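**Student:** Build out the structure end to end from the sequences listed, making use of the hints.
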Amino acid sequence: NAGVMQNPRHLVRRRGQEARLRCSPMKGHSHVYWYRQLPEEGLKFMVYLQKENIIDESGMPKERFSAEFPKEGPSILRIQQVVRGDSAAYFCASSHGHPGELFFGEGSRLTVL
Amino acid sequence: QKEVEQDPGPLSVPEGAIVSLNCTYSNSAFQYFMWYRQYSRKGPELLMYTYSSGNKEDGRFTAQVDKSSKYISLFIRDSQPSDSATYLCAMSPPTGKLIFGQGTTLQVKP
Chain A
24 NAGVMQNPRH LVRRRGQEAR LRCSPMKGHS HVYWYRQLPE EGLKFMVYLQ KENIIDESGM
84 PKERFSAEFP KEGPSILRIQ QVVRGDSAAY FCASSHGHPG ELFFGEGSRL TVL
Chain B
-10 QKEVEQDPGP LSVPEGAIVS LNCTYSNSAF QYFMWYRQYS RKGPELLMYT YSSGNKEDGR
50 FTAQVDKSSK YISLFIRDSQ PSDSATYLCA MSPPTGKLIF GQGTTLQVKP
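These protein sequence lines are chains A and B, in that order. First residue of the first sequence: 24, per my numbering; consecutive thereafter. First residue of the second sequence: -10, per my numbering; consecutive thereafter.
Hints listed in this document are in silico derivations from the structure and should not be mistaken for laboratory results. Heads up, a few of these hints could be off.
Chain B side only, calculated, beta carbon under 10 Å to chain A, not exhaustive [unchecked claim]: (1) R30; (2) M80; (3) L95.
For clarity, every value in this text was computed on a predicted model and none was experimentally measured. All C-beta atoms in this analysis are idealised placements derived from N, C-alpha and C, irrespective of residue type, glycine included.
**Tutor:** Have a look at this one:
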C-alpha cells in the first residue's frame, strides 16, 4: 500500500540546467498538488492538477516552471534554467479530491550550484 | 497580511507537559482545517482534520476550530520526546488548495 512516491529524493544541478521532479500519487488518487518549502518556512502552494488538467497554477512562477499530470505515468514538475533561488524542497501531495485528506511524499530536495 | 498566521516558536516543554499550538486566519471561506507534523527532512504527515467549527480528539491530540474568531488550536497531552517536530496548520475552502502556516517547531525535553 505505497504512499506518495517522489523521485529523485535529492537532485543537484548547476545554474542554467533543467530539473525534473516526478511524483506518483497514492493508488486511486487523481488529484496532485505541488508545494515548495524553503528553509525555516512553511509550504507554499505551487500548482494543483488532475489527470491531464491544470486546475490551479496560481502559485507557479510565470517563467521557467511547468507541471503536468499525464493520463499515464507520474506528475512532473519541470524547472528550466535553474537559478540558486530555486534550491528548496519540493513536495508532492495527492488526494481523492477531498481537501481534508492530502497525503504528502517525502519530497525532492533540489540544490542549485 | 498573510492568510494564515502561525507563531514559528521554537517551543520547548518538558516531557509530560500539555502543548498548545495555534493559528489564526483571515479567509472566511476556509472550511477544512488540518494539522500536519513534519520531522526534519521528511514529508508532512497528516495528524488531524476538522470540518468547520468544533473539537476533534484522537488519542493524545485534540484539535479545536473557532470560526467566529478565525482561530484554530492543537493540544497535545502528555507530550513525549517523540513529539518533537514542526507542526503545520493548514486550511482550505471547500474546493482548492491548502494554505499552510509557517509551522511551529516543538521540542519536548526528557
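**Student:** Just pull the numbers of the violated hints for me, sorted ascending.
**Tutor:** 3
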